[in-house]
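Student: Let the sequences and hints guide you as you build the complete structure.
Top line first, the protein sequences correspond to chains G and D. Going by the working numbering, the first residue of the first sequence is number 1, and it counts up by one from there. Going by the working numbering, the first residue of the second sequence is number 1001, and it counts up by one from there.
These aren't lab readings, by the way, just hints derived from the structure by calculation. Glycine included, C-beta positions come from ideal geometry on N, C-alpha and C. Fair warning: there could be bad hints in the mix.
Here are the computed distance ranges between Cβ atoms for each label pair [claimed, not checked]: (1) 1031(D) / 213(G): 51 to 59 Å; (2) 53(G) / 1053(D): 32 to 40 Å; (3) 1172(D) / 4(G): 16 to 24 Å; (4) 1130(D) / 34(G): 57 to 65 Å.
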Amino acid sequence: MDWQAINVTLRLAAITTAVLLVISVPLSALLVLNRARWLAALEALTSLPLVLPPTVLGFFLLVLLGPRTAVGRALIGVIGHPLAFSFSGLVVGSVIYSLPFAVQSLVAGFASIEPVLIDAARLLGAGPVRLVFTLFLPLARRSLLAAAVLTFLHTVGEFGVVLMLGGDIPGATRTLSILLYDQVESFDYAAANRTAGLLLVLSLAALAAIYAGSRSRGGRNA
Amino acid sequence: MSRDRSILPWRSSLLALLGLILCAAATAQTPLRIAAAADLEPVLPPLLDEFQQATGIHAEATYQASAALTTQIENGAPFDVFLAADVSYPQRLIGEHQAQGPADAAEPLVYAHGTLVLWTRTDAALPPPSLKLLRSPALRRLAIANPDRAPYGRAAVAALTSLKLYDALKPRLVTAGNIAQAAQYVDSGNADAGLISLTSALTPRLKSAGTYFVIPRNLYPPIEQGAVLVARSQQQAAAKRFLDFLLSHPIQAQLAKSGLSPAK
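Tutor: Listed below in structure tokens is the structure:
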């Protein structure tokens, strides 16, 4: 069993989930609280990664982050090497790729909170930050959990973006899904079955544990 | 009664339409379906047009990595001819009775030899490509195709091993899924240089963006590209004609111009 690939995959999924929650909680709160028209464009933009085939998205990122664009050159100036073929490059790719999954779940959760409650909190002088921490997150904790779980799983199963952006480097960018693909393509079906089996069992166990925990705490949204 | 009469023409015209569709479907020629290795993508399309002009047979190609095409043929993909990037994949299919060679049923037909080149962009701050460049510390990332499944990747590793550079360069290698993607890694500027196919290096885009150095042929085992007829195919005769066409003198000369050296 390739523990290195498992390690890369879990680290990538955990970091991506953390980064995405930090980005998408304020973003989703903004989309729900502010009714300005132009935000519809922003909301549409957050869903766009769903439209592009992942390998194409990966190709665009490869070009964008490379030394032939201004953005890429600026990034290389800051960190000293191209983001492609590095673990941090994969984090950037995964955050963009999984953004819709986090934002969609959170927007749905936040939007289902009674407007009366939000108005009452505002009347009592709560600003947007306080609204998010004392009202949105506690009431929509099931959506928060859903956002985290979906992002994590989506990143574990991510393939196209990693294939294009990663360069298949053991210990840095060879994730489980790339390893599985390599095994299938070299007709090593026995190893592929073992890797896929482990991935499915681990994910099932983790998901069951998470959902059992949220049930016992009665964590369903009102 | 009058109602019945008004329906009748409807029915008969519908039936007629259905009949027409069925006839059209029966007479429409199913194209000759070719499963082609990814390195043929810049090479094959004009040849298919010439084949249709010469024989009247319409052929369509699907481009994929040889390994993926092999799996698809094993699982019943409706291809008639398989043009692989090496001989191991066609041999695997022959061993499974899924395909046969056109002359000797047990041997794939070698239709061309691939050429490995070292390619860099002209705007990269590097000396022009040569064997010396492979030894230079300025070379920070070298793109190759996956040696486990891409014949050009295997050739790249063999060449680096013959040069006794493989261990030194290993930490600087980035591995692409196939040879076209290895070229993209260099073309997008993310890798400094790449060991890619001459067919990629001769495409208009890469030709204008960079320069290449032909890796000496004694450094790697020949990249023999093999073809087989798919056993399940209903168009064996047309498929054979296509392979004869591919081996004909003018076509082999055209292949040489696009980076595939002649089979013999």
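Student: Are the hints correct? Go through all of them and say.
Tutor: A quick look at each hint next to the structure:
1. 1031(D) / 213(G): 51 to 59 Å: Holds: the Cβ-Cβ distance is about 56 Å, inside 51 to 59 Å.
2. 53(G) / 1053(D): 32 to 40 Å: Holds, at about 34 Å.
3. 1172(D) / 4(G): 16 to 24 Å: The hinted range 16 to 24 Å holds for residue 1172(D) and residue 4(G), with Cβ atoms some 19 Å apart.
4. 1130(D) / 34(G): 57 to 65 Å: With a Cβ separation near 60 Å, residue 1130(D) and residue 34(G) satisfy 57 to 65 Å, so the hint holds.
In summary, the structure agrees with every hint in the numbered list given earlier.
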